[in-house]
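Visitor: Protein chains in written order, with my numbering: chain A, 3 to 350; chain B, 32 to 325; chain C, 73 to 399.
Hints in this document: simulated from the structure, not taken from any laboratory. Built from N, CA and C at the ideal position, the CB exists for glycine as well. Heads up, a few of these hints could be off.
Beyond 12 Å from chain A on every Cβ pair, some chain B residues (computed) [as the list claims (entries may be wrong)]:
hint, residue
1, A64
2, G81
3, I139
4, L204
5, T223
6, G225
7, S289
8, L307
9, D314
Computed Cβ-Cβ distance ranges for the label pairs, DEER-style [unchecked claim]:
hint, chain 1, residue 1, chain 2, residue 2, range
10, A, V110, C, R93, 37 to 47 Å
11, A, R213, C, D84, 55 to 65 Å
12, C, S225, A, D144, 47 to 57 Å
13, A, S161, C, L152, 54 to 64 Å
14, A, S77, C, S225, 43 to 53 Å
15, C, L176, A, P277, 50 to 60 Å
16, B, R161, A, S77, 33 to 43 Å
17, C, G387, A, Q141, 55 to 65 Å
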Amino acid sequence: MDSEALLQVRDLGKQFVLRAPLMRRFAGSAPIALAAVDRVSFDVRPGEAVGIVGESGCGKSTLAKCLVKLLEPTSGSIRFGSTDVHELRGAELKRFREQVQIVFQDPVGSLDPRWRVRQIVAEPLRIHGVDAKGALYRQLVDLIELVGLRADQLNRLPSELSGGEQQRVAIARALATRPRLLILDEPTSALDASTRIHILALLAELRRTLRMTYVLISHDLSVIRALCDRVLVMYMGRIVEVGPTAAVFDLPLHPYTEALLAAIPVPDPDVQKQPVRLRGDLTWVPPAGCSLAPRCPMAAPACADRPQQLVAWDERRLVACHRISEREIQPVPIVLNRAAATTAEAGR
Amino acid sequence: MATQAVAQEPVDLPRFGGRSSYLWYTIRRSTSAQAGIVLLTCILLAALAGPALWQIDPAVTDAPPLAPPDLLLPFGSDQFGRDLLSRVLNGIRLDLAIAVFVALLATILGSTIGVLVGYVGGWVDQVLMRVTDVMLAFPGFILALSIAAFLGNDIHNVIIAIAIAYTPVMVRLVRGQALSLRSAQFILASRTIGAPSWWIMLLHMLPNTLSPILIQTSLFTAWAVLDTAGLSFIGVGIRPPTPELGSITGEGAAFMVSGAWWFAILPGIVIVLVVLALNLIGDAVRDILDPHSA
Amino acid sequence: MPAALPLLSIEDLSIDLDVFRGRARVVDRVSLEVEEAQVVGLVGESGSGKSMTAMAVMRLLPRAASIAGGHIRLDGRDVLSMSEADMRRLRGREVAMIFQTSLLVLNPLLRVGDQIARVFRTHAGLDQRSARVKAVEMLDRVGIRHPERVSHSYPHELSGGMIQRALIALMTAARPRLLIADEPTTGLDVTTEVQIFDLLREIRRETRAAILLITHDLGTVAENADRVAIMHAGHIVESGPTRAIFKQPRHPYTRALLSSIPRFDGSQPLESTLRGQAPDVFSLQGDGCRFAGRCPQVMDVCRQHRPPLVQLVDGHSVFCHLYADGL
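In isolation and in its complexed conformation, chain A is listed as follows (with noise of 0.2 Å):
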């Protein structure tokens, strides 16, 4: 483990506990415990960009809002720096505040409709003591700019703005105190297509200029593609495989990582996938052994016993699948035909 890192995960978990409806209470059925996280681990180094990848169920929102202090884990630890998240107060919780800031996912609900674009980003300027009037303004103009709008908006409401513009200002607020961890948690996914990409750019583009640290949560692999070094793969709630971003999507090793690479549809008719399917819908009480157990194409009966563990497949890889990791079966590329991916840009 290192000890550079900017963020230490250690065997994080966070449960809800969903009580029975009144009969079945009297019925004598426990409450049940819903574990949204479940024993994650995992390191961010400074200047890193780690995607978290997941589908609806597997806690990565969660999992985004116990690293900023919204939730509070039920076990396992984060340390953000040399301090432990959970112990935080007062005065040093205000200083991770500024150093940890998150951009959420609906751009419209994240900003306060009834406030201008300058008073959100200077927001958390005030909050944190940034008061003398010229300075802040001075502020407010350069990250207005560097998130790639325009002075003159300052003044305008959140409704009066596109969708695109609107998740520039609540980036443009989230960097307001430099800080030095930005958890992104679906910040394109409610954006249109064009837009989308605009958005990743800038966050391209301020990662290099600022040197950022990123954890970017999305279910939207091309996303994660598009930005991030490495990545993990969530499954109701742990992480199932781990790698660097363009090794994972060359051999995906775990059979969801498969069956996720196998369901992106890809706009180019000519390429070809090898179809891995998931069986039947998400369950919704985690089976003992294996999460995807009951789901997965390349179940075997000792899945449903066997305890789900994270074991390294290589230096930098590792997967939570005993068969894999025990190399009973052999992990396939998804994308059978890459030569045939060509641009389409053709005829231009």
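Use these hints to put chains B and C onto chain A, whose structure you have.
Guide: Same frame as chain A, but now just chains B and C:
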């Protein structure tokens, strides 16, 4: 830089003409809103300019007692020979003033408690909600009645009594809004920035609850006129000789049997018109601010 | 070679919308054809008018919308001039629609099985018991693992994928010849999405139903459609066989759209030629090309005159002044 190129595009987004043109659009389409505006304007004119134009002192007992309405005494006179029109005009003033104070007081108290309780939650919420539930179990008028009887008959006590009776309504309304706003992303965003709770409640939650609050405030003014008149009618509110619509009507009720119909009916009709006007305005306010709940 | 008549023929369809902001032509002279057992993708950004076009086929337009011209023919019959009673008989049996998943696509107050059973009772005249049995069968056919249990459940007890499957079961129970799928997988996980499309493919194989697939996602149409039509601000700008559109896009909008998808192998730089926003249809004036404001190759003629239809090879056509005088 790709991002700079995008920023140069003037993105001129369509917008509605803003609140004011939507205001006119709604008013144009709603005859009840138009009626309400006309009626309230007349009433306000009567209240503000009336006593100045109709310069007869409401306390002077010049006229013959219990005289029926005629050209000199459009509303007739009461048992002491006081001009009823002048008393009614002054009464409208008093009732509207009381109504405005009641509405403001109940709004401020209710929304403060409501947003605190909604945001903080926990046992504070539980306790205050039970108190609110108990208060809401009583009809507003009865509640105002008991508080006014306890406090005494002057104007301040009447205002306080009615405002306290209305506060639980606003608490419940604002609490509901606060509960749903609590998990809104922009509230979460402010928390991650490090905003303290009071900042979030005052600067984020309250401004976003403004519409339902304003609608309720306008309704409060309508209710307050009726409740003030009612309290005074039965003698617990404003005491005579101060002219107040309800107390005048109450006095007049005693003389109905002996034929002096104008004494109770005319002030009574005025009460109806004032409350009607305020209710219509309240509906119009709701149509403008919250078109979905028509 | 196409069979005699196309199953669905939309000709020069125009739809106006009348709301507080004014009156706008949200669909302007759109023409589209769907052959039997074919999948046609209608692609556009939000607000391009694609959903309105679909609603018009079902005659389910909102009150503020009105047909301003054109024809819609289903199997040769004129849909727009049909009586409501005749239309009701068509809906469900000849043409059905699947919407974006939400809790409200199915009646939240009825059990799922009962809703599907109703289709059998109405269109096949079955009695309650047999209809319920057929409903469970349909749920099984759409890949639901515990069809009996799901049949007894209410929609809010099911996951997004299951609701969509149940909806497909409901809508295909009467074996319609045309299925209109309006963003059927938006909001669903991508692993569920691919299962839904597998299902639709199977249904097509069995019933030879045609599908009009409406979406903003180019990847989805690349994998599932035979033909694609691209819509922008109420106009169709280009249409043709899927391969042609993706390999030889002609219209600047199509090219810009294709350029704005981050590529699978990470090889594409993060740049897009698509600038600005779709024009506000309420403030448009004149008959020029609606893409003129954003087009990197705009010419003067584009702002004044409507782009002409230019037929390219093999059923590939484009509406653009750039090609007006031959390639």
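Visitor: Does the Cβ distance between R213 (chain A) and D84 (chain C) fall inside 55 to 65 Å?
Guide: 56 Å, holds
Visitor: Can we confirm that no CB of chain A comes within 12 Å of the CB of L307 (chain B)?
Guide: 33 Å, holds
Visitor: If I claimed the Cβ atoms of R161 (chain B) and S77 (chain A) lie 33 to 43 Å apart, would that claim hold in this structure?
Guide: The hint (33 to 43 Å, Cβ to Cβ) holds, given that R161 (chain B) and S77 (chain A) are roughly 35 Å apart.
Visitor: The output says T223 (chain B) does not contact chain A. Does that hold with a beta carbon cutoff of 12 Å?
Guide: 5 Å, violated
Visitor: Take a look at whether the Cβ-Cβ distance between S161 (chain A) and L152 (chain C) falls inside 54 to 64 Å.
Guide: Taking Cβ atoms as reference, S161 (chain A) and L152 (chain C) lie about 37 Å apart, which means the hint is violated.
Visitor: Report holds if the minimum CB distance from S289 (chain B) to chain A is greater than 12 Å, and violated otherwise.
Guide: Holds, because the least Cβ-Cβ distance between S289 (chain B) and chain A comes to about 59 Å, which exceeds 12 Å.
Visitor: Beyond 12 Å from every Cβ of chain A: is that where the Cβ of I139 (chain B) lies?
Guide: 19 Å, holds
Visitor: 37 to 47 Å was suggested as the range; check whether the CB atoms of V110 (chain A) and R93 (chain C) agree with it.
Guide: For R93 (chain C) against V110 (chain A), whose Cβ atoms are near 19 Å apart, the range 37 to 47 Å is violated.
Visitor: Was L204 (chain B) rightly flagged as not at the interface, with every chain A Cβ beyond 12 Å?
Guide: The claim holds: L204 (chain B) sits with its nearest Cβ about 18 Å from chain A, beyond 12 Å.
Visitor: Given the hint of 55 to 65 Å, check if G387 (chain C) and Q141 (chain A) actually sit that far apart at their C-beta atoms.
Guide: Given range 55 to 65 Å: holds, Cβ gap about 57 Å.
Visitor: A64 (chain B): least C-beta distance to chain A exceeds 12 Å?
Guide: A64 (chain B) clear of chain A: closest Cβ-Cβ about 25 Å, beyond 12 Å.
Visitor: CB of L176 (chain C) to CB of P277 (chain A), is that within 50 to 60 Å?
Guide: 33 Å, violated
Violation of the numbered hints given earlier is confined to hints 5, 6, 10, 13, 14 and 15; the remaining hints are satisfied by the structure.
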